[in-house]
Structure formats: C-alpha cells, structure tokens
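Peer 1: Keeping the supplied structure of chain Y fixed, place chains G and L upon it in accordance with the hints.
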Amino acid sequence: MEMFSYLLATGITTGALYALVALGIVVVYKATGVVNFAHGEMFMLGGFMAFTFHVMFGWPYLASLVLAVIGAFVLGIVVDRVAFRPLMQRQSLVSVLLAMVGLSFVLKGVARWLWGGKGDFLTFPPLVSPEPILFGGIMIMSQQLVVVGAAVAVMLVFVLFFRLTRAGRFMQATADNPKAAKLVGLRTDRVYMYTFAVGAAVAGAAAVLMAPLTMLYPDIGFALFIKAFAAAVLGGLTSITGAIVGGLLIGIIEQLSAGYIDTGLQEVAAFIVIMVVMVFLPTGLFGQRAGRRV
Amino acid sequence: MLGHLVGRRAFCLAVFAFLFVIPFGANQYFLFVANLMILFIILSLGLNLLIGFAGQLAFANASMYGIGAYGTGLLMKHFALPYWFSAPAGTLIAMSVGTLLALPALRLSGIYLALTTLAFAQFTLWLMMHWTPVTFGAGGFVPPPIDFGSLPVSGGQAIYFISWVVCVLLFFVAKHTMESPIGRAFVAIRDREIAAQSLGIDLLKYKALAFAMSGFFAGAAGALYAGVLGFVGPESFDLLQMVMHKAAVVLGGMGSIAGSVIGGVLIVVLQEGVKEIAFPIEIVFGGLLLLFMLFQPTGVVVLLKRWLPGWQEPLHYAPRRVRRAATQPAPAAAQAGED
Amino acid sequence: MQSVLQVIGASVAFGGVHALDDISIDFKPGKITGIIGPNGAGKTTLLNVICGMTPATSGEVLLNGTRLTGMKPSRIAGLGLRRTFQASQLFAGMTVLENMMVGLHLMSSSGLAGAVFRTTKMRTEEAEMRRRAMEALDYVGFAHFADRPGSALSFGQQRIVEIARTLIYEPKVVLLDEPAVGLSVNRVAELDALLRRIRDERGITLIMIEHVIRLVMGVSDWIVVLGSGRKIAEGLPDTVRADQRVVEAYLGHQQHA
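Protein chains in written order, with the working numbering: chain Y, 116 to 409; chain G, 65 to 403; chain L, 5 to 261.
Hints were generated in silico from the structure; no laboratory data involved. Be aware that a few hints might be false.
Stated by the list, open to error - Lysine to any residue pairs mimicking SDA-like chemistry, simulated, CA-CA at most 20 angstroms apart: (1) G:339 - Y:170; (2) G:269 - L:74; (3) G:239 - L:115; (4) L:125 - G:237; (5) L:32 - L:175; (6) G:339 - Y:294; (7) G:369 - L:152; (8) L:176 - L:225; (9) G:369 - L:151; (10) G:269 - L:152; (11) G:369 - L:99; (12) L:76 - G:167; (13) G:239 - L:131; (14) G:239 - L:99; (15) G:269 - L:111; (16) L:76 - G:270; (17) L:125 - G:243; (18) G:239 - L:124; (19) L:76 - G:266; (20) G:239 - L:130; (21) L:76 - G:272; (22) Y:294 - L:91; (23) G:339 - G:96.
Next up, chain Y with everything else stripped away, as it sits in the complex (with noise of 0.2 angstroms):
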C-alpha cells in the first residue's frame, strides 16, 4: 500500500506536468490543425532560462519562475513569426511538420551549445525541504505537493483565461471557426501568434516548476514532447479536459508499470500508449467524432 501510493504521488506530480505540456499542444492543434513538433524545445529552454535566472544570476525562484514563464511567452512569439507562420501560409502540412522537427533540432543543438554538452546535467535546487510528509499512512513529498498545487493552479487560470477573458474568448472563436472569427474583424494571425504563445508559456512554466523535482538537459524537450503528445492523444486531441485527464493518466501509468513490472517501462510506457491509441481508439478519451456533415 505504501509502495503504491508513493507511485500514485509520483505518477499525479509527473502527469499535472505533462498534463500542463499537452496544454499547450491541444490548444495550438485547435487553433491550427497542426501539432508543433517544437513545442517540447519551448519547455526545454523555459526550463533552462529558469536556471540562467535562479542558479546562475541568483535571483530568487519565484521571480526566476515569472521571467521564465514571460520568456517563454516570447519565444513562442519569435518562433511564430519566424517559422510557423510563414510556414502554414506557404506550404503544405507535411511541410510544416518537417519543418517544425528541424526547427526543435536546432534549438535543442543551441540550448546544448549555450549550456552544457551531451552528458551535461543541470540540477536545481529543490524549493522546500525534501522530506517526506506522512499523511495517514501515505508517503507524500511536500515538493510534489508545491508542485502539484502550482501545476493546479497554473491549469485553473489557463482555463479561466479561455473561458472568461476576452482574449481568450478570442482565441476559442478563432479556434472553432476561423472563416467566422475573420468576418467578424478578429485579426486572426494575431490570435494565432498568441495562442501559440500562450502555448509555449503554459510549458515552460511546466518546466520551471519541474526543474526542482528533476534535472534538466537539452534532450528532456523531445522527451517530455512525446509524453505530452501521448497525453493530448489518450484525451482526445481537441478536449482542454482530455489533455488534463491524458496527462494524469500518463504519469501514473508510468510510476505503476515501472514500479509493478519493470522499470524500463517508464521511459516506453508513452510511446505503447500512442501506438496503442492510435490505432484503437484515434478520437481519444474526450475527443470529438469527425463531424459528419449531411
């Protein structure tokens, strides 16, 4: 009992951050029709601006956490308007995905360059004391419970943010029928470039939030992608719900087939499950059925 809900702890912990990851994903594939094969680098280098900022100037992390996140937002503009939409104006999807894998390459080559080689890890320090709590039997590190709680929180407002605001309110439209958003004055390339924005904050604030459980290095972008992706596929690859309940999911699937069969498992379990979904189940948990139109 103990051993599992240690894994149940751990595998909530890891999902809330993949679910936080597969966010961002949904949100720009609703958007856009396409998955941004960039978007584990956008965690990546949110992650490792987090430490330039907290390890290596010494500021402090909740500062380091908001400058990341802010960082993050603009680099998603940058990559948006450099790369993804001259992409998506020009050519076709195949181009685009292409694209967009060279494009996570050469980030991650930079991120290796500016900070550290192959076998480089950066660590950070942990946020409180890494001792456990008990809590009537069950294990719990307080760090998983800072992490889980900001993850939480960092979802609420991302879906308070589309379902309230304005912008965000926006955004959906946008998303659902674009030929409506643009009779009606939205200037969709706008809303475009800033959902992916949007995207890209949401992950490296997965990131900063992550570095004090983990280590960072420049392939955990590739890594956490695919996690992530496999996440937003078991929800269904429009659902906002999907994508959370998906990345939960996925982290505990990890913790228990790791702890239970083998722990090798853990860095497979996605990819069984991508495959698996795909071909079994393509709409996911929550997504929608191909509309048929009569």
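Peer 2: Structure of chains G and L alone, referenced to chain Y:
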C-alpha cells in the same frame, strides 16, 4: 547548352561512375566516407519513395535501418550464420516490420501517422538499448568479421563494391517503379487519395507496397552498414539519424529520384564538413531542414532544373499548397463533399 | 427494363441523425438520372454510399446484381463504377496525360516485377495506356495540354479532364457530384452537350447531383428528389417540376432554416 549535356540520367551515371573508381586510389577513411555516401543514397531513395512520392509521412526510416543492421549482425553473432545469408535476411526482416506500419497508415495520415511511427521508432530504439540478452544493450556489439574468401581486394573494398552494386540495382528499381503505373498510383495517393480510390487504386495494396519498399531499402542499407562499420549500436539509429534521412530527401528534392542521389551525397559531405568545423551537428541538419522547407521545399533538383535547361525532371515533386488538416483522423469519406 | 444500379432501403445514421432514411431507387441503364433536393437532403451521402465511401447502416446497393455494400471503393471502381467530386480531383504532381493514364490504371497487370524489369508486357501496356490517354484528351479537345502539370489548367478545364478521366475505362455507371458548379454559362452548355454525347455514343448510365436546375432538368431522362434524407418524388422532369411535394420541400426547408 550545358543543360543538354547534363541530363539527369547522365548526372546519376556520372555519380555512380565516380563512386566506382574511388576504391582504386582512396585511403581507408575516404573509402569509408564514400561508402557512407552510397548507403545514404540507398536510404534516401527508399525514404523518398515513401514520403516524397507516396506522401506517407513516416518517421520510422532510421528504425528500419537499425533493424536491418541489428538483424544482420545478430544472426551472425548468435547463430554464426554467414554474411551472405544474414544480410538478405536482415533486409527482409526490416521490410516485414516496415510493411506492418502500412496498417496504421490506412487509418491515419499527416501528423497522426508521423507521431505514431515516431512512437514506434522510439520504442524500437528502447528495445535495442534495453533488451540486453538479445541486442547487447546500449553498448552495442561487434558482429563477427565477414569472410570474403580469397578475393584480391581488402575487406573494406569488398564491402564497398557490394554496396555499390546494391545501390545501383536499387536505384534502377526505384526509377523503374516510378516510371510505371505503380509510380503513378503512389503520386495519385499522395495528391488525392479519394480520387485514386475512385479510379480503382487499392489503398492498402499500394501503401503497403510503399512501406515495404522503403523498409527494404533501409534494411538493405542497414545490412551493409553492419559490414561497413563492423559495429552495431543503438546510437546510430536515433532521432538525429532520422532527421538526417529527412534532410537528405528534402535537400535533394522530394519526389525526385535524381534528387535522392544528390541528397544522399550532400548529406554525407555536410556531415564530414560539420565534423571539421566542430559546429553542432543538430543545428546544421535541423537548420537545413527548416530553411529548405521555408524557402526551397522542392529541393536542389528544382534549382538545377532552372539553371540547366536540359535537365528533364519528371513532374513528380510534391506541389505547394496550403491545407488545413481535419480536426480528427477522419476516414477519407467524411471529407468527400457536402450535401 | 432491368435496372443497372439498385439502391434498396439504404439508410445512413450517425447517432440518431439520419443522413439517409430508407432510400430505394432503381436507376435505368443508359439514361441520365438527375438527383436534386435542398441542402442537407443527403444527395452526396447517397453517392458516397453507392461508391463505397460511406458505409450504409442498413440496406443494399446492387450493381447488375452484384452486392456493392461492404466492398472497398477501389473494388467497386473495378466493377465499372466511377464518380466525380465537387472539388477538383486532378493530381497536381502529374501531367495531364499522366492523370488520364491513371484513369486506365486497372488496365495494367504487369505488377512490380514487370515495372522493375521493364518487361515487354509492361512496355506494351504502357504504350497502349499512353495511346488511349491521348485519344481521350483528343476527344475532349485538350490534346495540347498533355504535358502540362495537372494544376496548370483552369477550374473549368480541370472539370472536363476529370470527366474524361472517369470515362476512359468504359465504365458502366458514372456518378457526377455537381459537375456544373463554378462553371460559366458557356461551359454549362458544353457540359450539357458532353453529357448527352456520353449517353448516346457510349450508352453509359449517368447519375448526377446538380443544383443548376436549368441543366439538370434539361438533360436528365429521369429525376429523383431527395429531402431530409428521404425520397420525396421521382419521375420525368416535367412531372417532378409540377409536383407539389417538391415545391414544398424546397420552400419548406427555407422556412425552417
């Protein structure tokens, strides 16, 4: 005028002739690099058939390459089978696995297919690294040396000539396939899958064929690689390798056979160049892919067509168009029209 | 007379909504049948069911007695059924001539081995396919476009080539989905003449969805009217035109919209 002399057939034959004479003067390192060029031509031809001509965006080519290498090497190591048996066997194993990927390709397209095949590729890589009793784990293994009998050439030269012959044969296989109804079926599926069906083209058959062929080409390259390098390890078949394959296809020209020849050679040249400058390889190849897709997605081949008027390039490169993907992996029928 | 194509009790339902509701139609051989009806009536769904792209939830489709329901679209095409679509379906990555040759795809039997080894059989078939494709382009007056890329033609021209492509392998039945959409008045008249020629010279059965009433009433031998997934009326063009139910279907739909 130069164009009339440098038709694409002449160009490709010139490349092959050049590659043929290399062993007669080159040192061991140069021979190795040239051999890699040959392998990359094969890889790029196979991948182009799948992505460029048939339009199936799959990310598993590096895995097929790896399965070919591992299949060959492991058959030699575990069962002491000779190379002349293991290499074809390894190739066929890669081909079979590749063909299986055609099944999801029937239901999925675009990003879904790309990421599913990518997940598969990562899974395969994981197997190579973790299934230690069989694959010898992350450290790789050294297959037993190939016995070439009493030939008057060195081992390195022998495997080079074998690679060369395989490459030329596969070049003609690819070329002739594309110049036949099968080639047209591929392009039809790429451009308008629904219309292709309505003219009697069986999607499963042709997609399976495209996957099988690219699996075969990559597997053959892998089988040769095991012989060329003398070592098989998982780090040769990761995502970076996949990006290099894609870069070779894109650089040369998607949907162009001659383009694959050019792309294969160029990528190896670049790889060596990058080593010399010590510039991060990821930035170079990633950047190439990005820049070409932004500014010259049809590849070098189209530039050649512009500069050398005699360069007759059959019209098969993927056309530019802006398309918004379906919201879900919908079956083709739902998009067939309104009312 | 014996029907060449029969739709028997076909229904297509998605979660409670009936795109098609118990449709039965007998299509007369060698005639042009026009299918009309307001938007959302299920016309394209009907074509999709016939050619195998949308599965019918119940009911059957028979082509000369062979059951089409449940077959793959490519196999149905192999039995002699062709169809055109609303959006242009020319392959942009090929020349116009190659586009036409794809129409003859089912003629090739030499397979991969033939292709790779360039056997005599394969080369003979290629030459024959090329010849027939040129002939077909000539028939519609587009021989000079043979080596242009598929995407270089205007919309109206692409339409014509597409229709020629569906006819090139002597189909028994051709389904046309709004062939006149986006065409100028002159082109519509050309289309009218072309359709009559096809019917008279080749004896092919044509089934056509169309909104351009002038065209469909003028050229069809028989009209079927669909509304809300059901068959509302059928008959000769003049009979249908006067039918009160048909008028109501069009007007009524506007009121409810």
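Peer 1: Determine for every hint whether it applies to the structure shown.
Peer 2: Here's how the hints hold up against the structure:
1. With a C-alpha separation of about 32 angstroms, the suggested pair residue 339 of chain G and residue 170 of chain Y falls outside the 20 angstroms cut-off, and the hint is violated.
2. Distance check on the hinted pair: residue 269 of chain G and residue 74 of chain L sit about 18 angstroms apart at the alpha-carbon level, within 20 angstroms; holds.
3. Pair hint residue 239 of chain G plus residue 115 of chain L holds up; C-alpha atoms about 15 angstroms apart against a cutoff of 20 angstroms.
4. Between residue 125 of chain L and residue 237 of chain G, the direct Cα distance comes to roughly 17 angstroms. Compliance with the 20 angstroms bound is thereby established for this hinted pair.
5. The suggested pairing of residue 32 of chain L with residue 175 of chain L holds, with an alpha-carbon distance near 15 angstroms, which does not exceed 20 angstroms.
6. For the suggested pair residue 339 of chain G and residue 294 of chain Y, the alpha carbons sit about 49 angstroms apart, so the restraint of at most 20 angstroms is broken.
7. For the suggested pair residue 369 of chain G and residue 152 of chain L, the alpha carbons sit about 16 angstroms apart, so the restraint of at most 20 angstroms is met.
8. Annotation: proposed proximity of residue 176 of chain L to residue 225 of chain L holds, straight-line Cα distance about 17 angstroms (limit 20 angstroms).
9. Restraint check for residue 369 of chain G and residue 151 of chain L: the C-alpha separation of about 16 angstroms stays at or below 20 angstroms, so the hint holds.
10. For the suggested pair residue 269 of chain G and residue 152 of chain L, the alpha carbons sit about 29 angstroms apart, so the restraint of at most 20 angstroms is broken.
11. The straight-line distance between the Cα atoms of residue 369 of chain G and residue 99 of chain L is roughly 17 angstroms, inside the 20 angstroms bound, and the hint therefore holds.
12. A C-alpha spacing of about 15 angstroms is found between residue 76 of chain L and residue 167 of chain G, which places the hinted pair at or below 20 angstroms, so the restraint holds.
13. A threshold of 20 angstroms between alpha carbons decides the hint, and for residue 239 of chain G with residue 131 of chain L the separation of about 18 angstroms falls inside it, so the pair holds.
14. For the suggested pair residue 239 of chain G and residue 99 of chain L, the alpha carbons sit about 18 angstroms apart, so the restraint of at most 20 angstroms is met.
15. Of the pairs offered as hints, the one joining residue 269 of chain G and residue 111 of chain L holds, with about 16 angstroms between alpha carbons and a cut-off of 20 angstroms not exceeded.
16. A distance of roughly 14 angstroms separates the Cα atoms of residue 76 of chain L and residue 270 of chain G; the hinted pair therefore holds under the 20 angstroms criterion.
17. Annotation: proposed proximity of residue 125 of chain L to residue 243 of chain G holds, straight-line Cα distance about 14 angstroms (limit 20 angstroms).
18. Restraint check for residue 239 of chain G and residue 124 of chain L: satisfied, since their Cα atoms lie roughly 17 angstroms apart, inside the 20 angstroms limit.
19. Distance check on the hinted pair: residue 76 of chain L and residue 266 of chain G sit about 8 angstroms apart at the alpha-carbon level, within 20 angstroms; holds.
20. Proposed proximity of residue 239 of chain G and residue 130 of chain L is supported: the alpha carbons are some 15 angstroms apart, at most 20 angstroms.
21. A threshold of 20 angstroms between alpha carbons decides the hint, and for residue 76 of chain L with residue 272 of chain G the separation of about 16 angstroms falls inside it, so the pair holds.
22. For the hint linking residue 294 of chain Y to residue 91 of chain L, the alpha-carbon distance of about 19 angstroms falls within 20 angstroms, and the restraint holds.
23. The straight-line distance between the Cα atoms of residue 339 of chain G and residue 96 of chain G is roughly 15 angstroms, inside the 20 angstroms bound, and the hint therefore holds.
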